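Asker: Can you make the complete structure from the sequences, with help from the hints?
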Amino acid sequence: MGNTLINIVQQLLKRNRIPFDKEELAFQIQSHPSYPSLHAITGVLDHFNIENVAADVPVNSETLEQLPSCYIVQVNDSTGQNLTVVEKKKSDYILYTTEGKKEKISEEEFLKKFTGIIVAVEKTDTIQTSKKTSKIPQYVGFGIISMLAVFLVLKTTGSVFSISHLLLSIVGIVVSVAIVKQELGLQTSIGDAFCSGADDKKDCDAVLTSKGAEIIKGYKLSDFSILYFSTLTLLTFLEIATPAVSYTISLVAIPITLYSIYYQYAVVKKWCLLCLSIVGLLWVQALIPVLTNTYISSFVPSDYVVLAIIGTSTWLGWSYVKPLISEVTELRKEKIEGVKFKRNYTLFEGMLNKSPQRNTTFDKNQEIVFGNPTSNLEIVVVTNPFCGHCKPVHKQVDEILHKYNDSVKIRIRFNINTEDKSGNAVKITSRLLELYNNNKQKECLEAMSEIYEDGNVDLWLKKWGATNNSDYFLSELEREKEWCKNNAINFTPEILINGRSFPKEYNRSDLIFFIEELEENSQTIMSKI
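The sequence shown stops at residue 529 when you use the working numbering, and every number in between is there.
It is possible that part of the hints are untrue.
As the list claims (entries may be wrong) - Below, computed lysine-lysine pairings styled on BS3-like, alpha-carbon distance capped at 25 Å:
| # | residue 1 | residue 2 |
| --- | --- | --- |
| 1 | LYS104 | LYS90 |
| 2 | LYS391 | LYS440 |
| 3 | LYS201 | LYS123 |
| 4 | LYS113 | LYS14 |
| 5 | LYS22 | LYS113 |
| 6 | LYS354 | LYS504 |
| 7 | LYS123 | LYS211 |
Stated by the list, open to error - Per label pair, the in silico range of CB-to-CB distance:
| # | residue 1 | residue 2 | range |
| --- | --- | --- | --- |
| 8 | HIS402 | THR374 | 44 to 54 Å |
| 9 | TYR219 | ASN60 | 52 to 62 Å |
| 10 | VAL284 | PRO323 | 26 to 36 Å |
| 11 | ASP510 | PRO19 | 44 to 54 Å |
| 12 | PRO323 | PHE362 | 55 to 65 Å |
The set of hints was computed from the structure by calculation and includes no laboratory data. Here the structure is a predicted model, which means the values were calculated and not measured. Even for Gly, the Cβ is constructed at its ideal location relative to N, Cα and C.
Answerer: Right, dumping it as structure tokens:
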């Protein structure tokens with residue numbers, strides 16, 4: 001499915017007005033072990049805390065009445081079974097293609113295409129959006145710079161044609177960058193708008209990766225496009241040379257546009273709309289010298305020296321920047337493959353099973369157990385409130401309980417110095433045990449989160465108080481400490497999954513990605529016993 005799957009999920013979230021970060025969404029989908037499949041969609045929606053359901057429903061009018069207004073469906077079309085986004089509008093249904101086009105069909109036609117497979121979402125208050133910095137300041141900054149450049153050129157020349165030429169060059173740079181990103185397999189808004197949904201007549205990738213796209217070794221038409229528009233922008237903005245130089249260069253570029261059109265039409269036999277947009281920009285720029293009757297009428301050495309300096313500087317700059325862009329792109333691809341490999345459950349299970357299995361149960365104990373006490377999937381977290389490395393683990397515990405509370409049993413086992421009976425570690429853990437055993441699980445989890453998050457003992461004790469039965473809960477802490485000693489668990493945090501140590505080859509933050517498979521596997525094992 002390639003980028004099609006990403007576009008489908010983006011359409012689904014947009015239509016349901018659910019906020020998302022395009023880059024993060026694409027990364028999570030591509031790095032999912034099941035990509036490209038339906039399970040990758042539901043897995044990524046779970047990752048962002050977006051309520052969703054995937055189901056195989058009966059194909060009839062009664063079922064359609066019960067479904068939400070917009071969801072993903074599997075349909076039969078000319079290419080086979082494919083996923084698409086559908087939205088109900090009154091009595092009709094609109095299918096949104098990956099290139100943003102709409103197909104309006106009746107309910108009868110939709111039922112003929114519909115296979116019964118759906119993925120629906122619901123907007124909630126717990127949706128996890130991007131943690132990345134907003135790009136709005138970048139866009140605002142670019143807009144301010146562009147306006148200042150236009151103002152300066154207008155003030156210097158007073159020519160609307162010069163301003164038009166400059167703006168066209170700036171647009172040319174933006175489109176050229178989009179072409180380079182398209183060649184590298186990166187998503188852009190411009191690329192999605194022009195190149196989504198390849199067909200028999202339109203295919204940007206086929207044109208951009210063809211042999212004719214490379215003029216000389218290592219340099220494609222996209223490179224020359226960036227160099228061309230960047231040079232013209234600097235030349236116009238700096239106003240060192242006369243406008244006639246920029247105008248005449250625009251005329252000289254026309255033969256290249258004819259070659260591009262011929263190559264797409266006769267050789268590749270497919271059209272690249274991004275490339276054609278560059279052609280359109282060049283033609284409009286070439287109209288300016290024709291309309292103003294401005295050409296190079298005399299040989300001015302300084303103009304050509306300036307042109308050579310700016311052109312060479314631009315080429316040197318791009319020669320330095322392009323390899324960096326390619327390197328970052330390759331690193332991103334490797335990161336996706338690495339994360340995809342790391343999240344493969346079969347590999348994780350193999351590493352987990354290498355660890356010896358410990359007996360984690362106590363008789364008549366008062367230890368803290370969150371989640372579903374009858375779950376076959378047991379996670380033991382050995383921890384200490386004053387352990388700095390335990391803080392992110394407890395954030396992970398909160399997240400797991402939020403997503404999988406009914407599927408997992410999480411035991412909290414303290415490994416602290418119990419000999420210092422008046423120490424803060426004993427005071428805090430005893431109080432946590434007391435809260436839990438007084439049927440205040442919610443308060444216990446809240447208090448635990450606060451001490452691991454803030455670490456201010458005085459404020460914590462002021463809010464939550466101290467235990468009224470320190471000797472009773474101290475015996476429980478001593479038992480937990482003794483269990484850790486007998487099982488050679490000397491450091492915190494330690495995570496045990498059904499008695500086996502969490503593999504050291506993985507980050508502890510990776511645990512949440514395997515909860516579903518671990519729970520399914522635990523159920524399978526118990527059913528065989």
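Asker: Taking the hints in turn, state whether each one holds.
Answerer: Structure-based check of all given hints:
1. Taken as a hint, the LYS104 and LYS90 pair is honoured in the structure, with Cα atoms around 11 Å apart against an allowance of 25 Å.
2. With a C-alpha separation of about 22 Å, the suggested pair LYS391 and LYS440 falls inside the 25 Å cut-off, and the hint holds.
3. For the suggested pair LYS201 and LYS123, the alpha carbons sit about 38 Å apart, so the restraint of at most 25 Å is broken.
4. For the hint pairing LYS113 with LYS14, the CA-to-CA distance comes to about 23 Å; that is within 25 Å, so the pair holds.
5. A hinted pair counts as satisfied when its Cα atoms are at most 25 Å apart, and LYS22 with LYS113 does not qualify at roughly 29 Å.
6. Under the criterion of a C-alpha separation no larger than 25 Å, the hint pairing LYS354 with LYS504 is consistent with the structure, at around 11 Å.
7. Proposed proximity of LYS123 and LYS211 is contradicted: the alpha carbons are some 47 Å apart, above 25 Å.
8. Between HIS402 and THR374 the beta carbons are some 19 Å apart, a value that contradicts the proposed interval 44 to 54 Å.
9. Range check, TYR219 to ASN60: about 59 Å between beta-carbon atoms, so the 52 to 62 Å window is met.
10. Taking the beta carbon of each, VAL284 and PRO323 are about 32 Å apart, inside 26 to 36 Å as hinted.
11. One distance hint, 44 to 54 Å for the beta-carbon pair ASP510 and PRO19, is violated here, with the actual separation near 26 Å.
12. As the Cβ distance of PRO323 to PHE362 is approximately 60 Å, the hint placing it in 55 to 65 Å holds.
The earlier numbered hints that this structure contradicts are 3, 5, 7, 8, 11.
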